[in-house]
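Each chain, letter by letter, is given below.
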Amino acid sequence: MFRRSSEKYVVLQDALPIEEQWAIERAVIQVMPAAKPPAHFVSRLREDLVTEARLQQATQQERTGQALKLFGLLSGGLISVIGGLLVWLLVQRGSEKAPLVDTLRGPTSSDLSLSGA
Amino acid sequence: MTNEDERDLVARAKADPEAFGALYERYVERIYSYHVRHTSDHVEAEDLTSRTFYRALRSLHRYRDTGAPFQAWLYRIAHNLLVNWYRDRGNRPTVSLDVEDPIPLESTGMGPEAWLATAERREALRRVIDALPEDRKTLIILKFFEHMTNAEIGEILGKTEGAIKALYHRTLISLRHAMREGAGNVPEIQ
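Here the protein sequences line up with chains A and B, keeping their order. The first sequence begins at 1 in this note's numbering and counts up one residue at a time. The second sequence begins at 1001 in this note's numbering and counts up one residue at a time.
Derived from the structure by calculation, the hints contain no laboratory data. Remember, predicted model here, so these are calculated numbers, not experimental data. Misleading hints may appear alongside valid ones.
Computed, partial: chain A to chain B, Cβ under 7 Å [to be verified]:
(1) 25
(2) 27
(3) 41
(4) 42
(5) 46
(6) 70
(7) 74
Here are the simulated lysine-lysine pairs, DSSO-like style, with alpha carbons at most 30 Å apart [as the list claims (entries may be wrong)]:
(8) 1014(B) <-> 36(A)
(9) 36(A) <-> 1143(B)
(10) 1143(B) <-> 1165(B)
(11) 1159(B) <-> 1143(B)
(12) 1165(B) <-> 1137(B)
(13) 69(A) <-> 1014(B)
(14) 1137(B) <-> 1159(B)
(15) 1165(B) <-> 1014(B)
(16) 1137(B) <-> 36(A)
DEER-style ranges, computed between Cβ atoms [to be verified]:
(17) 77(A) <-> 1160(B): 45 to 55 Å
(18) 1021(B) <-> 87(A): 11 to 21 Å
(19) 1047(B) <-> 65(A): 32 to 42 Å
(20) 1147(B) <-> 44(A): 25 to 35 Å
(21) 1012(B) <-> 55(A): 28 to 38 Å
(22) 29(A) <-> 1015(B): 49 to 59 Å
(23) 77(A) <-> 1055(B): 57 to 67 Å
(24) 1165(B) <-> 62(A): 40 to 50 Å
(25) 19(A) <-> 1047(B): 36 to 46 Å
(26) 73(A) <-> 1012(B): 46 to 56 Å
(27) 62(A) <-> 1012(B): 15 to 25 Å
(28) 1047(B) <-> 51(A): 13 to 23 Å
(29) 65(A) <-> 1146(B): 37 to 47 Å
Even for Gly, the Cβ is constructed at its ideal location relative to N, Cα and C.
Bound-form chain A, shown alone (with noise of 0.2 Å):
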């Protein structure tokens, strides 16, 4: 859509002299004065916005309790299944060196005496 330069541009000549804009500054300042907000309103947005503090903060730290609570039963049940592998595999190793040791130790002497008998 077709749109005029001065609309999309800051026109340089149509540039306001500061005092000018200074004028308008404190005319704008004149008809929009500050306004307080009433005493008895922000003590009482005060009071409820700590008390939402606080409770934000202890759900917040029993969620993180419970975060820790399943991450210590997950992390337990892990360590646990991991153990009980090693242990699998240690007894499987240690089975299957058990005959080799005994070939390799070859005859006992009890081997020995019934052979001669």
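Following the hints, position chain B against chain A.
Frame of chain A, contents of chain B only:
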């Protein structure tokens, strides 16, 4: 309070409700004034102020100190709520009858006619300001009353510094135009 103190207060407010209370006390009047200047209505301003601080409380854990002042973050929340407020009201401008108390004649030292003319000019200018688009109104409030830089205003309005500069210029031109010619024949204000 220095910037360092404020940073410290904001950091503490994330975990300490009382520190958030102190932060609230520091900004409540300014945020309230900002909303009153936009809405021209004390009840609406109270509601918007409450919502601004409740939203700030809920989002504070997400606030990251990027070097911009905390007030820019807070005003951004206030601005977003105002954008919704304007949208809900269908962008209808309001007239500030309940906010502005006319300056008493005795305190001005003017004659009745001059006083009346000034009051009319003030009211007319107020109507012009009320009719400004929301972003322009925000701009003049933050510029004239909060004395923010273009960069800070850009942060709040989500615009670049250059865009704010151009918008400010256009706003001044339109205000001057309204004060000189149109909008209820508003002559130059003293």
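Do the hints match the structure? See the list:
A least Cβ separation of about 5 Å between residue 25(A) and chain B falls short of the 7 Å threshold, and the interface hint therefore holds. A hinted interface residue such as residue 27(A) counts as satisfied when its beta carbon comes closer than 7 Å to some beta carbon of chain B; here the least separation is about 4 Å, so the hint holds. A hinted interface residue such as residue 41(A) counts as satisfied when its beta carbon comes closer than 7 Å to some beta carbon of chain B; here the least separation is about 6 Å, so the hint holds. The interface hint given for residue 42(A) holds, since its Cβ lies 6 Å from the closest Cβ of chain B, which is under the 7 Å cut-off.
For residue 46(A), the interface hint holds, since its Cβ comes within 7 Å of a Cβ in chain B; the closest pair sits about 5 Å apart. Hint on residue 70(A) is violated. Least Cβ distance to chain B is approximately 21 Å, over the 7 Å limit. Of the supplied interface hints, the one on residue 74(A) is violated, with its beta-carbon coming no nearer than about 25 Å to a beta-carbon of chain B, more than 7 Å. As the CA atoms of residue 1014(B) and residue 36(A) are separated by approximately 27 Å, the hinted pair is consistent with the 30 Å bound.
Note on residue 36(A) and residue 1143(B): the hinted pairing holds, with a Cα-Cα distance of about 19 Å set against a maximum of 30 Å. This hinted pair checks out: residue 1143(B) and residue 1165(B) have alpha carbons roughly 11 Å apart, not beyond 30 Å. About 15 Å separates the Cα atoms of residue 1159(B) and residue 1143(B), which keeps this hinted pair within 30 Å; it holds. Taking the CA atoms of residue 1165(B) and residue 1137(B), the gap is about 14 Å. The hint holds against a cut of 30 Å.
For a cut-off of 30 Å, the pair hint linking residue 69(A) to residue 1014(B) stands: about 24 Å separates their Cα positions. Between the alpha carbons of residue 1137(B) and residue 1159(B) the distance comes to roughly 15 Å, so the proposed pair stays at or under 30 Å and holds. Simply put, residue 1165(B) and residue 1014(B) have alpha-carbon atoms about 34 Å apart, too far for the 30 Å limit, and the pair is violated. Proximity of residue 1137(B) to residue 36(A) is assessed by CA-CA distance (about 20 Å); at most 30 Å being required, the pair is judged to hold.
Taking the beta carbon of each, residue 77(A) and residue 1160(B) are about 53 Å apart, inside 45 to 55 Å as hinted. Checked against the hint of 11 to 21 Å, the pair residue 1021(B) and residue 87(A) fails, with Cβ atoms roughly 56 Å apart. Between residue 1047(B) and residue 65(A) the C-beta distance comes to about 35 Å, which sits within the given range of 32 to 42 Å. One distance hint, 25 to 35 Å for the beta-carbon pair residue 1147(B) and residue 44(A), holds here, with the actual separation near 30 Å.
Checked against the hint of 28 to 38 Å, the pair residue 1012(B) and residue 55(A) fails, with Cβ atoms roughly 18 Å apart. Our hint of 49 to 59 Å for residue 29(A) and residue 1015(B) is violated, since their Cβ atoms are close to 39 Å apart. Restraint check, residue 77(A) to residue 1055(B): a C-beta distance of roughly 40 Å breaks the suggested window 57 to 67 Å. For residue 1165(B) and residue 62(A), the Cβ-Cβ distance of about 49 Å falls inside the hinted range of 40 to 50 Å, so the restraint holds.
Separation of residue 19(A) from residue 1047(B) is about 40 Å and conforms to the stated range, judged on CB atoms against 36 to 46 Å. Checked against the hint of 46 to 56 Å, the pair residue 73(A) and residue 1012(B) fails, with Cβ atoms roughly 33 Å apart. A beta carbon spacing of about 21 Å between residue 62(A) and residue 1012(B) agrees with the range 15 to 25 Å that was offered as a hint. Here the CB-CB span from residue 1047(B) to residue 51(A) is close to 19 Å, well matched to the stated 13 to 23 Å.
Here the CB-CB span from residue 65(A) to residue 1146(B) is close to 42 Å, well matched to the stated 37 to 47 Å.
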